[in-house]
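Peer 1: Sequence:
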Amino acid sequence: MVSPEKPQAGEEVSFQYTQGGDLSGIMKMPEAYVIQFSSKGNKIIDIALKREFGKLTGKVKTDTAATLLAFAFTIDDKFDKNNDEGFLVPLYYNGNPKKGSYANMGSFYMQYGPDYFGIKTNPEKAVTYYEKEFDADPSAKTRYLNSYLYAKKTIDKEKGNAAIQVEIENMLKAGLKAKEDYAKLASLYSLAGLRQQYAFIMNLQKEKFSGSGTDISPNGL
1 MVSPEKPQAG EEVSFQYTQG GDLSGIMKMP EAYVIQFSSK GNKIIDIALK REFGKLTGKV
61 KTDTAATLLA FAFTIDDKFD KNNDEGFLVP LYYNGNPKKG SYANMGSFYM QYGPDYFGIK
121 TNPEKAVTYY EKEFDADPSA KTRYLNSYLY AKKTIDKEKG NAAIQVEIEN MLKAGLKAKE
181 DYAKLASLYS LAGLRQQYAF IMNLQKEKFS GSGTDISPNG L
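To convert, note that position 213 of the sequence shown is 213 in my numbering; the numbers rise steadily by one, no gaps.
The set of hints was computed from the structure by calculation and includes no laboratory data. Don't be surprised by glycine CBs; every beta carbon is placed ideally from N, CA and C. Be aware that a few hints might be false.
Derived Cβ-Cβ restraints for the label pairs, each shown as a range [to be verified]: (1) Glu180 / Gly54: 31 to 41 angstroms; (2) Ser3 / Lys99: 22 to 32 angstroms; (3) Lys173 / Lys206: 15 to 25 angstroms; (4) Ile44 / Gln165: 34 to 44 angstroms; (5) Ile75 / Met171: 25 to 35 angstroms; (6) Asp76 / Ser14: 24 to 34 angstroms; (7) Gly193 / Lys61: 17 to 27 angstroms; (8) Glu158 / Asn42: 13 to 23 angstroms; (9) Met1 / Ala178: 44 to 54 angstroms; (10) Gln196 / Asp84: 34 to 44 angstroms; (11) Asn96 / Lys50: 26 to 36 angstroms; (12) Asn83 / Gln196: 26 to 36 angstroms.
List of simulated lysine to aspartate or glutamate pairs, EDC-like, C-alpha gap at most 16 angstroms [to be verified]: (13) Lys206 / Glu167; (14) Lys59 / Glu11; (15) Lys78 / Glu31; (16) Lys206 / Glu180; (17) Lys50 / Glu31; (18) Lys61 / Glu12; (19) Lys153 / Glu131; (20) Lys61 / Glu5; (21) Lys120 / Asp22; (22) Lys78 / Asp115; (23) Lys59 / Glu31; (24) Lys59 / Asp46; (25) Lys55 / Glu31; (26) Lys125 / Asp84; (27) Lys153 / Asp137; (28) Lys59 / Glu5; (29) Lys120 / Asp84; (30) Lys141 / Glu167; (31) Lys208 / Glu180.
Make the full structure from the sequences, and use the hints.
Peer 2: As structure tokens, then:
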């Protein structure tokens with residue numbers, strides 16, 4: 001349980017927690033931390049827990065640029081995984097989850113959950129949350145497109161590659177105008193495993209924008 005129920009970015013968030021999952025029945029005080037997802041960069045914040053009336057309580061001060069809190073409770077490398085759901089608290093603005101909060105939930109189920117919280121990768125949940133982000137803010141698709149497509153490809157390689165090919169064709173139809181366009185197209189080719197096309201677009205980008213320093217991620221993410 002968190003208070004306030006719909007915390008705004010910049011507010012202090014208080015919570016109550018009852019041990020469950022792999023931590024059930026262990027008398028030792030859990031360690032707790034939270035990953036704060038933010039447009040200024042994600043960071044891990046350690047939390048001091050207190051026992052109050054049979055429950056554990058704590059609080060964390062959020063940044064005004066924060067979008068999502070992901071809480072972890074652990075004892076001796078064991079985690080309360082909450083049935084692989086994790087403990088996610090979106091932050092709000094004007095009564096609605098902030099832009100980026102749903103997309104960061106997608107990132108949680110693909111990367112941060114397995115890496116920092118002991119939960120299983122869940123590309124189906126990730127795709128659902130990325131699509132919720134795109135519904136709430138259509139402009140977000142450009143920013144999170146590769147992560148979304150990677151999650152779709154994880155679910156079904158053939159369908160994922162088909163979705164990537166659609167995006168490649170859309171980019172080619174629109175034309176490559178800015179150096180960022182070449183970088184985005186190259187990352188899509190990389191994500192599809194089309195290494196020759198990736199190398200070709202990289203070379204074109206270097207020839208057209210020599211000395212620009214644009215970085216193209218080799219994994220497309």
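Peer 1: List, from low to high, the hint numbers that the structure doesn't satisfy.
Peer 2: Hint check: 1, 5, 7, 8, 12, 13 and 27 fail, others pass.
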